[in-house]
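**Q** So you can see what is in the structure, the chains are spelled out below.
2 protein chains.
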Amino acid sequence: MTSFIEPLAQESTPSIIADKLRKAISHGELKPGAQLGEAELARKLGVSRGPLREGMQRLTQEGLLVSIRNRGLFVIDMTPDDVRDMYLAREAIERAASRRIIDGDHEAAGKELLAIVDEMAAAEGDPAAVGELDIAFHERLVKLANSPRLSRMHQTYITETRMCIHALEETYTVSEARIGEHRALAEAIAAGDHLLADDLLMAHMDDAITRLTTR
Amino acid sequence: MTSFIEPLAQESTPSIIADKLRKAISHGELKPGAQLGEAELARKLGVSRGPLREGMQRLTQEGLLVSIRNRGLFVIDMTPDDVRDMYLAREAIERAASRRIIDGDHEAAGKELLAIVDEMAAAEGDPAAVGELDIAFHERLVKLANSPRLSRMHQTYITETRMCIHALEETYTVSEARIGEHRALAEAIAAGDHLLADDLLMAHMDDAITRLTTR
DNA sequence: GGGGTTAACATTGTCGACAATCTACCTATT
DNA sequence: AATAGGTAGATTGTCGACAATGTTAACCCC
Chain B
1 MTSFIEPLAQ
11 ESTPSIIADK
21 LRKAISHGEL
31 KPGAQLGEAE
41 LARKLGVSRG
51 PLREGMQRLT
61 QEGLLVSIRN
71 RGLFVIDMTP
81 DDVRDMYLAR
91 EAIERAASRR
101 IIDGDHEAAG
111 KELLAIVDEM
121 AAAEGDPAAV
131 GELDIAFHER
141 LVKLANSPRL
151 SRMHQTYITE
161 TRMCIHALEE
171 TYTVSEARIG
181 EHRALAEAIA
191 AGDHLLADDL
201 LMAHMDDAIT
211 RLTTR
Chain W
1 MTSFIEPLAQ
11 ESTPSIIADK
21 LRKAISHGEL
31 KPGAQLGEAE
41 LARKLGVSRG
51 PLREGMQRLT
61 QEGLLVSIRN
71 RGLFVIDMTP
81 DDVRDMYLAR
91 EAIERAASRR
101 IIDGDHEAAG
111 KELLAIVDEM
121 AAAEGDPAAV
131 GELDIAFHER
141 LVKLANSPRL
151 SRMHQTYITE
161 TRMCIHALEE
171 TYTVSEARIG
181 EHRALAEAIA
191 AGDHLLADDL
201 LMAHMDDAIT
211 RLTTR
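Protein sequences appear in the order of chains B and W.
Taking UniProt numbering, the leading residue of the first sequence gets 1, the next gets one more, and so forth.
Taking UniProt numbering, the leading residue of the second sequence gets 1, the next gets one more, and so forth.
FYI, nobody ran anything at the bench for these hints, they're computed from the structure.
Keep in mind that the hints are not guaranteed to be accurate.
Because identical chains share one entry, a pair is satisfied inside a single copy or across any pair of copies.
[As the list claims (entries may be wrong)] Listed below are the simulated EDC-like cross-link pairs for lysine to aspartate or glutamate, each with C-alpha atoms no more than 20 Å apart in a straight line:
#1 K143 with D82
#2 K143 with D81
#3 K111 with E132
#4 K143 with E112
#5 K23 with E38
#6 K23 with E40
#7 K143 with D118
#8 K20 with E40
#9 K31 with D77
Make a model of the complete structure from these sequences and hints.
**A** Structure below.
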């Protein structure tokens, strides 16, 4: 049991705003290319422009927003090149995460990941549910590595991933192969097989790229 | 030759401020644990608190500053765990970069990297110069991968690296082994050897960790 | 009709002031 | 003497107003 007495970290307003904006972007409420009008957003969020601008700067640093001077901030438009680059970054992070997990308690971690894969299999008929579990799998993978830096970076790219998925929701289908890929990866991690996990992860990312860039 | 006609991107004030702060942190002008008083900093930079706070939020997102509500922003204090985590992140990024370089024109890239190694060898007597070239090597490595996302993330960790080096400047020595490590890595990349480059990179990072955490 | 100029509008960028909060010190009481 | 309470100072958090810039559209001239 963890102690109830711990330093309470109240998060700052800009960080809350950044979270809200990230959610809005990932769920398609703020569409790619859209401008974030400060006055309107501030009104909707019930804050003034100051803290809102501070929060937006965070997302700009993450690369989720692009700034054009004296014009405003816009949600990034993901080109096919961006999709490739995003998966390159995700691959880098998740490979490192898997390596670190395997160097630690990979059996427990593998079990957790397999649980998610089981949920995926159970939800096979529901593309949206499988999509969410897919993301949950990768989020858990990185979280299990217990690295603040990997987690922070990953958050950004998960947002971009959600954004892409949302953008082509209509054409988003579930292949049984995808569930199998996750299961294989989870098993490789449970087994502590560095090389196999690496290869599976890279192949998985390549699949995702082709799935998102060709249609 | 590149075209002179290209979309001119004027960078915003918060981004300029963020750059200045990053430099100040990496060069030890803002020491680990130090508080960034807004009024004073704003005066020194010749801007008002608004844009300054926006710039500081960027660094907070990067993890270079930590925010304590109603208390202010502080430069992070790198614990040994932080050093390890930072190198984990750098390793992830640079491995991905080297992989991508090797999939492209690795011979040209290797040549560029070897040129830096030659400069290192020439500057062997001067620890500060070798340190700068060490960092320049890794910056070039990532830049050659041509990935906006890897480059953006890397910038953060290079800042943290500089911060650490600066913090223990007195005990910072140049071993000939370090130059050799870089040369071997550059040669592996020039040769297009995935596995060797990977192994060398990981060993190199491990060395750096032990160099920074034990004394 | 095309190109250029001008003016009005909307939006962002910046600033100064006020409110809220925390820290540190001092005082009084047990 | 130690602790609780209160107060003053300083710093951050928030806001509204003003200035600067870019865009759009109408208008005029060639």
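**Q** If a hint holds in the structure, say so; if it doesn't, say that too.
**A** Do the hints match the structure? See the list:
With identical chains, the CA atoms of K143 and D82 are at most 20 Å apart between copies only, with a shortest distance of 16 Å across copies and 24 Å within one. Taking identical chains as interchangeable, the C-alpha atoms of K143 and D81 lie at most 20 Å apart only when they sit on different chains, with a minimum of 16 Å there against 27 Å within one chain. When the C-alpha separation of K111 and E132 is checked against a cutoff of 20 Å, the pair qualifies only within one copy, where the shortest distance is 19 Å, while the shortest distance between copies is 45 Å. In the homo-oligomer, the alpha carbons of K143 and E112 lie at most 20 Å apart inside one protomer (11 Å), although the nearest pairing across protomers, at 37 Å, exceeds that limit.
In the homo-oligomer, the alpha carbons of K23 and E38 lie at most 20 Å apart inside one protomer (17 Å), although the nearest pairing across protomers, at 30 Å, exceeds that limit. In this assembly of identical chains, K23 and E40 lie within 20 Å of each other by CA distance solely inside one copy; the values are 17 Å within and 35 Å between copies. Taking the closest pair of Cα atoms, K143 and D118 come within 20 Å of each other only inside a single copy of the chain (19 Å); across copies the shortest separation is 41 Å, beyond that limit. Proximity of K20 to E40 under the C-alpha cut-off of 20 Å is restricted to the intra-copy arrangement: shortest distance 15 Å within a copy versus 31 Å between copies.
When the C-alpha separation of K31 and D77 is checked against a cutoff of 20 Å, the pair qualifies only within one copy, where the shortest distance is 9 Å, while the shortest distance between copies is 38 Å.
Taken one by one, the earlier hints all hold for this structure without exception.
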